[in-house]
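If you're matching them up, the sequences are chains A and U in order. For any residue, its number in the working numbering is found by taking its place in the first sequence, counting from 1, and adding 67. For any residue, its number in the working numbering is found by taking its place in the second sequence, counting from 1, and adding 67.
Keep in mind the hints are simulated off the structure, nothing from the lab. Please note: incorrect hints may appear among the correct ones.
Which copy is meant is left open, because identical chains are indistinguishable; a pair holds if it fits in one copy or across any two.
[Unchecked claim] Pairs of lysine to any residue, SDA-like flavour, derived with a Cα cap of 25 Å:
#: 1; residue 1: Lys260; residue 2: Asn127
#: 2; residue 1: Lys260; residue 2: Arg270
#: 3; residue 1: Lys150; residue 2: Lys260
#: 4; residue 1: Lys209; residue 2: Asn285
#: 5; residue 1: Lys375; residue 2: Arg248
#: 6; residue 1: Lys209; residue 2: Glu225
#: 7; residue 1: Lys150; residue 2: Ser311
#: 8; residue 1: Lys375; residue 2: Asp151
#: 9; residue 1: Lys260; residue 2: Arg223
#: 10; residue 1: Lys150; residue 2: Pro258
#: 11; residue 1: Lys276; residue 2: Val220
#: 12; residue 1: Lys260; residue 2: Asp142
#: 13; residue 1: Lys260; residue 2: Asp151
#: 14; residue 1: Lys150; residue 2: Ile279
#: 15; residue 1: Lys150; residue 2: Gly255
#: 16; residue 1: Lys375; residue 2: Arg197
#: 17; residue 1: Lys260; residue 2: Val220
#: 18; residue 1: Lys260; residue 2: Glu273
#: 19; residue 1: Lys375; residue 2: Ser97
2 protein chains.
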Amino acid sequence: MIRLAVDAEGGDFGADVVVRGVVAARQASSVPFATRLCGDGARLERVLGELGREGPGFDNSEFVIEHCPDVITADDRRTMVWKDKAASSIVRCVALQKEGQADASMSAGDTGILIGSALFILGRAEGVSRPALAAFIPTPVKPVLVMDVGANVSCRAEHLAGFVELGCAYISRLFGRSDVRAGLLNVGTEPAKGPDEVREAARLLEGNKNYIGFIEGNKVFSGEADVVVCDGFVGNVLLKTSESFYSLITGFLADSREMFEILSEKMDALNPENYGAAPLLGINGTVLKAHGGSSVRSIKNAALTALKAVGK
Amino acid sequence: MIRLAVDAEGGDFGADVVVRGVVAARQASSVPFATRLCGDGARLERVLGELGREGPGFDNSEFVIEHCPDVITADDRRTMVWKDKAASSIVRCVALQKEGQADASMSAGDTGILIGSALFILGRAEGVSRPALAAFIPTPVKPVLVMDVGANVSCRAEHLAGFVELGCAYISRLFGRSDVRAGLLNVGTEPAKGPDEVREAARLLEGNKNYIGFIEGNKVFSGEADVVVCDGFVGNVLLKTSESFYSLITGFLADSREMFEILSEKMDALNPENYGAAPLLGINGTVLKAHGGSSVRSIKNAALTALKAVGK
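Isolated chain A (complex conformation) (with noise of 0.2 Å):
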């Protein structure tokens, strides 16, 4: 049976809603997962004991509460909290995989400090030089992977090249697929277009049979590309952006009541929500960062992702 490991206390609304979603997805998933939910040990004995009262189809067994006694505070070292806050539990839910008692770990906490953990605690995977956080878009034909999206804000030509050889071994793996197709987000599809260090990515990469060449990106949203390289700055104002764009979308719908709800079920495969959780590529293990502002449903896709990231 896979062991996930939840960090209960990451995200802006509490351990309520990280549980509520971690229990949603055991109640969707059609594979058995046991969890340990690092946090606050009261609290979540509290949260386990509400949803046993309210209703059935959840079994206490499956969920073993992790205590976590550590609070990050803005006092904190950031770059030192793996080790100053070890019993913290953003740091124990990655630590609980080195300790052989998870098989993947995920947060909706600070993107850093997990970051900085799954590095140091967990380390680099083989002949890779930066790790990189990874996010599904979504495409009339496939999702796309969309990536570094936020754990290396300026990159050199070897780590987009690197991240192109990660981002294809992440889709191969995840869907048994060889036909890959990576592209670099560049400004033009012109060789002499774009700054230096993704130019020079792109000759690095001649040769690799995954890489189609450089894309614009007013092509990101159509499917050309099944992973799209680009940064960690870059990467997160896309993503973020693309959030902004969608809510501004729904903004204008929702003056309508009836043309929401008709669309609706339409737009939902453009929602945030539905694509969850990014996994950290390049590390000796399964982490996911699930977004800040998780709600319920977040929660149980970015742990839906989790289960199949480590099933294969």
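Starting from the known structure of chain A, fit chain U onto it as the hints suggest.
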């Protein structure tokens, strides 16, 4: 009367679309304006002739043809086109301003060549270190100016700080406002977040009354800032990705003709065709870059934007 110089050969769809777009702008504009059409003389004669036969409301005397025999090829040194191909339509439409024969220039042709021509022929405005291309995006409350969207793929801190000033001055001039709010696009709002040049730009902007701090991607389409500043790589990706996302959504909606029609009016505000042309800020003159894939309607709106930019 405002005199507009138009690169009639620029853009993916050729002179026919550009000329029809400008004629449509003339018919829609309450303020009369004169147009100088730069391009192949014989072709432009034919297009104008066809339009004249098609219907009324078209005054031939408002359109002067500027025959441009030079054709730019792939062999041309891109940075020298402004000099080597001085009689090409894209270079002439800019040079006419320098010669005092036009008040504004617009082209749907190559961005780099248009910017190079503007820089070398018209020159930078006083105190400006880097001109930038700016584009309006729609939000629920007002259009927001994003810049740079493609003139400078990489930027130093002082360039980003300069863009804040350029953008605020433009909005202030265009809408007669003194309370313009500008933010630097970043991956977080805390001072320690983001790449060096963005954090340093924030320090340079301390005390600037229009500067409101870092703005994340998920706030770009909310209208919190009037001006969103980033380097040209990020801005280009932001703009083109949003277009791509918009196409994805309209693609989903197109399955149901009824829904599509009900929605089209509302969605129209989000159509890239409507926010047509991007002004190049920081040069001695008024130069607008229209989208390469401009339709007749895009060109029409680009021309109307050009008039507005001059009119102030």
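Now for the hints, and whether the structure bears them out:
For the identical chains of this complex, Lys260 and Asn127 are neighbours neither inside a copy (57 Å) nor across copies (40 Å), given an alpha-carbon limit of 25 Å. With identical chains, the CA atoms of Lys260 and Arg270 are at most 25 Å apart within one copy only, with a shortest distance of 13 Å there and 31 Å across copies. In this homomeric assembly, Lys150 and Lys260 come within 25 Å of each other (Cα to Cα) only across copies, at 21 Å, whereas the closest approach inside a single copy is 43 Å. Taking the shortest Cα distances, Lys209 and Asn285 sit within 25 Å of each other both inside one copy (16 Å) and across copies (23 Å).
Proximity of Lys375 to Arg248 under the C-alpha cut-off of 25 Å is restricted to the intra-copy arrangement: shortest distance 21 Å within a copy versus 44 Å between copies. For the identical chains of this complex, Lys209 and Glu225 are neighbours neither inside a copy (28 Å) nor across copies (41 Å), given an alpha-carbon limit of 25 Å. With identical chains, the CA atoms of Lys150 and Ser311 are never at most 25 Å apart, being 35 Å at best within one copy and 43 Å at best between copies. Taking the shortest Cα distances, Lys375 and Asp151 never come within 25 Å of each other, neither inside one copy (32 Å) nor across copies (58 Å).
For the homomeric pair Lys260 and Arg223, the shortest alpha-carbon distances inside one copy (17 Å) and between copies (19 Å) are both at most 25 Å. For a Cα distance limit of 25 Å, the shortest separation of Lys150 from Pro258 across copies, 24 Å, qualifies, whereas the shortest one inside one copy, 45 Å, does not. For the identical chains of this complex, Lys276 and Val220 are neighbours neither inside a copy (27 Å) nor across copies (28 Å), given an alpha-carbon limit of 25 Å. Within a single copy, Lys260 and Asp142 get their C-alpha atoms only as close as 43 Å, which misses the 25 Å cut-off; across copies the closest is 16 Å, which meets it.
In this assembly of identical chains, the alpha carbons of Lys260 and Asp151 lie at most 25 Å apart only when taken from different copies (21 Å versus 45 Å within one copy). In this homomeric assembly, Lys150 and Ile279 never come within 25 Å of each other (Cα to Cα): the closest approach is 41 Å inside a single copy and 35 Å across copies. With identical chains, the CA atoms of Lys150 and Gly255 are at most 25 Å apart between copies only, with a shortest distance of 24 Å across copies and 44 Å within one. Taking CA atoms no more than 25 Å apart as the test, Lys375 paired with Arg197 passes inside one copy only; the shortest distance there is 23 Å, against 48 Å between copies.
Proximity of Lys260 to Val220 under the C-alpha cut-off of 25 Å is found in both arrangements, the shortest distances being 21 Å within a copy and 9 Å between copies. When the C-alpha separation of Lys260 and Glu273 is checked against a cutoff of 25 Å, the pair qualifies only within one copy, where the shortest distance is 16 Å, while the shortest distance between copies is 34 Å. In the homo-oligomer, the alpha carbons of Lys375 and Ser97 lie at most 25 Å apart inside one protomer (12 Å), although the nearest pairing across protomers, at 60 Å, exceeds that limit.
Violated hints, in rising order: 1, 6, 7, 8, 11 and 14; the structure is consistent with all others.
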